[in-house]
Amino acid sequence: MRYDATLNVNGRAYPVAIEPGRTLLSVLRGEVGLTGAKEGCDDSECGACMVLLDGQPVNSCSYLALQADGREIVTIEGLAGEDGELHPLQQAFLDQGGVQCGFCTPGMLISAKALLDRNPSPDEDEIRLALSGNLCRCTGYSGIVRAVQAAAAQS
Amino acid sequence: MSAQSYTAAASVDEVLEAMAAGARPIAGGTDLVVGARGGKAPLPDALVAIHRVSELRGIREQDGGLVLGALATHADIVASSTACELFTALADASAIVGSHATRNAGTIGGNVMNASPAMETGGPLICFDAVATLRSASGTRRVGLADLFTGPGRTAAEPGELLTEIALPAPAPGTGSCYARLEYRRQMEIAIVGATAVVTLDGGTVRDARIAITALAPTIHRVAEAEQALNGSDASDAAVRAAADAAASASRPISDVRGSADYRRAMAAVLTRRAIGTAIARARGGRFPIPASPALHGAVNGGRA
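Those sequence lines, one after another, are chains A and B. Taking my numbering, the leading residue of the first sequence gets 2, the next gets one more, and so forth. Taking my numbering, the leading residue of the second sequence gets 3, the next gets one more, and so forth.
With the rest of the complex left out, here is chain A (with noise of 0.2 Å):
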């Protein structure tokens, strides 16, 4: 049986009519057409499928999409504003190279945008516990967390 939901994603509304065993991941990029939210391991371990729910980090792969009804999501698409300019986040991981394959950085911005949000002044260390459930098997993280320090330093 299908279930009627509204998700608020990226501040706009969308009604989808889903099964209750339905991930936010596999709705989102299925239902909803945002596919920037990877999934990476399905098993909430790599960090690549995060968005923000009601402003916290979640891994949406291991979130019922039911769950969300009615709630406020930000997927990486929510990021830039609405001109196509880059959020400061998205721009420093470009400066610093700390993009390379790309799948999992949707997932290490979201992480880095509630980082922020929190603590506006992280240090070296508190960047790198608060992106260690972020997995990236390209960069060797060095370009990330220069990026959000970058990103840090400007705000």
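Think of the hints as simulated: they come from the structure by calculation, not from any bench. Backbone N, C-alpha and C define an ideal beta-carbon position, used for all residues, glycine too. Some hints here could point you the wrong way.
Stretches of chain A that chain B covers, calculated by requiring three or more beta carbons in the stretch to come under 8 Å of a beta carbon on chain B [to be verified]:
#1 34-40
#2 87-101
A short list of chain B residues far from chain A (calculated; beta carbon distances all over 10 Å) [unchecked claim]:
#3 103
#4 148
#5 241
#6 257
Please arrange chain B on chain A, whose structure you already have, making use of the hints.
Just chain B, lined up with the frame of chain A:
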């Protein structure tokens, strides 16, 4: 994954009604959904979502202790100054559950009822004499955490019973505590070996010691021999070592991908020693960062304890 029906309850009564009809509760989903995705167990056919039930939220002080609503998240516990000051081992544990994402979604009620022998918060809750309130359509009862865990993934709760809150009585003055775990990475990790120590000092003498071991037996449990080795002692290094060795002797670990039984047994003594050392230092008024675990591996407290 299955799950054919779904209700989002607005009150405990609605949850209990759904559970009486066979539904299973879901809060943050960090165990249930991950388990279903990983093929461990399919989602229950009927789900009742409890995340909107305000009666189950929050942390409140009561008679010098704390009452944790079943929906209190690990992030809520770490943000509670009372939890950090009076129940430091619990804050140590909640601070290292999963990642930030897990701690925002994962609740203490779900953590306890999932009953993993490697769960971080079990040892601290047992050592602090925590009591769970279980409610069903036919009544309410209270069960000590030590009696709640009956096996890996099993609890004493009957079908239809919902854990609504966990009460922690006020600790005695002069109490310090610590939860330490052996880990391969800082986040998205579960204990390879964990140890809890809750130590009450009276002057220089240990008046009461609580020691529990985690991921070292089918259930998390206290070790009486370890506690006896510390009780009445002067908290000397020799007494701490004797207690830690007793904890290792009491362990019945398994071998799996995360560690062999021999390795776990050897590390049981190390982790228990670190937990007791930090608990004693905290009882003496020393300030150690929360969580204790990364600090214990690094330079924050000079690598001691």
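Hints versus structure:
1. With a cut-off of 8 Å between beta carbons, the stretch 34-40 of chain A has 0 residues touching chain B; three or more are needed, and the interface restraint is violated.
2. Restraint check on the stretch 87-101 of chain A versus chain B: 0 residues with Cβ-Cβ distances below 8 Å, three needed, restraint violated.
3. Distance check on residue 103 (chain B): its Cβ comes as close as 5 Å (rounded) to a Cβ of chain A, failing to clear the 10 Å threshold; non-interface status is violated.
4. A cut-off of 10 Å between C-beta atoms confirms that residue 148 (chain B) is not in contact with chain A; the least separation is 29 Å.
5. Distance check for residue 241 (chain B) against chain A: the nearest CB is about 34 Å away, which clears 10 Å, and the non-interface claim stands.
6. At roughly 22 Å, the least C-beta separation between residue 257 (chain B) and chain A is larger than 10 Å, which holds for a residue marked as non-interface.
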